[in-house]
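Just so you know, the protein sequences line up as chains H and Y, in that order.
So the number in my numbering is just where the residue sits in the first sequence, counting from 1, plus 1285.
So the number in my numbering is just where the residue sits in the second sequence, counting from 1, plus 373.
No lab work stands behind these hints, which were simulated from the structure alone.
Just so it is clear, CB atoms sit at the ideal spot from N, CA and C, and this is done for glycine as well.
Careful: at least some of the hints might be erroneous.
[As the list claims (entries may be wrong)] Derived Cβ-Cβ restraints for the label pairs, each shown as a range:
{"no.": "1", "chain 1": "H", "residue 1": "1472", "chain 2": "Y", "residue 2": "556", "range": "55 to 63 Å"}
{"no.": "2", "chain 1": "Y", "residue 1": "542", "chain 2": "H", "residue 2": "1495", "range": "54 to 62 Å"}
{"no.": "3", "chain 1": "Y", "residue 1": "612", "chain 2": "H", "residue 2": "1472", "range": "51 to 59 Å"}
[As the list claims (entries may be wrong)] For lysine to aspartate or glutamate, the following DMTMM-like pairs were computed, each having C-alpha atoms within a straight-line distance of at most 25 Å:
{"no.": "4", "chain 1": "H", "residue 1": "1454", "chain 2": "H", "residue 2": "1387"}
{"no.": "5", "chain 1": "H", "residue 1": "1667", "chain 2": "Y", "residue 2": "575"}
{"no.": "6", "chain 1": "H", "residue 1": "1723", "chain 2": "Y", "residue 2": "633"}
{"no.": "7", "chain 1": "H", "residue 1": "1686", "chain 2": "Y", "residue 2": "633"}
{"no.": "8", "chain 1": "H", "residue 1": "1667", "chain 2": "H", "residue 2": "1446"}
{"no.": "9", "chain 1": "Y", "residue 1": "496", "chain 2": "H", "residue 2": "1717"}
{"no.": "10", "chain 1": "H", "residue 1": "1723", "chain 2": "H", "residue 2": "1575"}
{"no.": "11", "chain 1": "Y", "residue 1": "485", "chain 2": "H", "residue 2": "1713"}
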Amino acid sequence: MADENKVPQGITKLETTIETVTKSNNSGKPKSKRKPILATSTMNEIMGDYFHELDDASNDPNSLVAWCTSVGPAELLLSFGFKVYYPENHGAMLGTKRVAMDLIPVANAIGYSPDICSYLTSDIGSFIKHDSPMLTAFNMKEFPKPDVLAYNTNQCRDVQEWFAYYSRKFKVPLIGINSPGKVDDLKDEHIKAAQGQFEALVEPLEKISGNRFDEQRFKESVKLSKECTILWRQVLETAANKPSPLTFFDSCIHMGPAVVLRGSQTAVNYYKLLLAELKDRIDKNIAAIDDEEFRLYWEGMPIWGKLRNLSELFMEHRTCMVASTYCNSWIFEGFEPERPFYGMAKAYTEIFINRSERIKEQYINEMVKRYNIDGIIFHDAKTCPSNSNARYGMPERLKDKGIPTLVLDGDLNDLRCYSEEQSKTKIEAFIEQLEEGK
Amino acid sequence: MTDYYMGIDIGAATSKAVLINDVDQILASSVIPSGVDFTSAAETVASNVLKDAKLIMEQIKYIVSTGYGRNNVIFAHENKTEISCHGRGVYHYFPESALIVDIGGQDNKVIKIDAAGKRLSFKMNRKCAAGTGTFLEEIANRLGVPRENMDEMARKSTKNITINSYCTVFASTEILARIREGETVENMVKGAFNSIVLRIIELGLSGAGDEKIVMTGGVVQYNPYLVELLKEKLKVDITVPPEPQLTGALGAALFAHEMDNKVNKQ
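Excised from the complex, chain H in its bound form (with noise of 0.2 Å):
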């Protein structure tokens, strides 16, 4: 008998100690904030002013509209004087606002596999609906109606496919660029191939815009755009101070000029002005998460629908997510401004993605070094093989060496290929082994 009485004790003191207990989760310390950058309000206003130069060429007769793939011949494009639209970042914004999930299946049902790139089943599931974050945030009446589509396939072959359904649509010319692909050691004979067809684009483009081939205007986009690259790296190599000032989801956001603008003078001007507030929050020793205790690479494609979701389980954990492969590869260091064709065969054929095996995994560990690295998160993106680098034994050969290597299953815009709780607790539990190898 006496030992039922205790029963309903125990039960109750667990009820008041439920209310009592207060979790003390991350030793104690005060939750990290959020510190939001400054530049942010001028990004917002020249990509704003982007999308509404861009919805006016649309509409105008006279002006000239190109379609590009986001490491495609952008330079060469804005020399004839078109205003230059890039599909991809249409991609990430779809998925960025979560509608992609609406839109994937429309594309699925005309034949667009779920295998296949969901940024192409996005994009042509949005204008499929003609429903898009894009037409409403910045009161399009139609997607920016191409006279040209411009496609690289050093990035992957779907590009040029989903570039081949607007060209059908449309009813304007497809040309690009087929780069020698999966390049170990970069050779002359790599950029010769490249070169050639970039300058085999002229004479369709003449065509296209009326409009004669300008080397001195071409010289200086290409110069622009070097600029623009410089800048872009010297932000992104701000992460290597620690702590660092900035995260990779900070990035992210940051690179839309980089990726939309680059080739002009506003890309140039915006990356000084960010650049400038890093710098100052360095001088400052203002960090981007309170406490940095580890510094985390990312590699492979951002999850979009979930950046402010898995920035804040970071952030909550004292991680800085410090660098990327993905924001990286809007770093071009081969432009060339006085030989800009060369220059340019070179910088869109040496980029990461094109790259071997072999080659990538020996810039991932010059990234470790650079950017002191605690441990690497590998997002293999279902519909992503050629930007998800865990599927030929990269994180198990890291390891070996020391590096500590985590695999997210995910993608860029498909959240049916993501779980959150076992992406959340493999994330946790990553960094608890860090924890215990300090």
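Take the given structure of chain H and dock chain Y to it, following the hints.
This is chain Y only, laid out in the frame that chain H set:
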């Protein structure tokens, strides 16, 4: 006066609690289905162990929660992932370097710890639940076989059958089709066990290392034949700790003891 510590493991399928004293002896444990309300499951398992040990909540110095529902244990002082807790629980019984294979309700894990108990790495199943406890549950449901009979049935099998499909739903369709073609239920249950074995091997368990291989989790507790099949396949020795279903909760209780030492005795 003795100090007491509690570990609570809220898994996708079952919730477990383990209560230990200050010399890390297990005083009480409880296992219940997790259901949909994890907070209430946590309260129930906690009450159960308190009752069994004839203790009240005030006597518990530190509580650590773990498992899929670790954040729902609102009275826990701290939470840790089940990956850490399984490592800690196994190290308690076998203080040496080990490769731990945990088969849970919705996750499989392979966890590598060194001779000091420090975790070196871990791997989990991909986003699909193939080869987990839920897979076995689904197969049992489709076959109309009580889950507790599966181990016995698999042992009666006379053949080694491989199920081709990776997907749990297609695997059960495949099993039913094979039965309609004349295959015995026993052989197909063993086929499902073999499928789990393959999923575990895919996680990186080659049997080539020197470490001790230890299996934990509820699936192993109720289906020990799985351990035998894996042993056979890898041609290695495999160890199972006492009550492998409780390993995560025990690890959490041991962490509670360590954390209390760290937090309160500094």
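Go through the numbered hints given earlier and state which of them the structure violates, listing their numbers in rising order. Of the numbered hints, just 7 does not hold.
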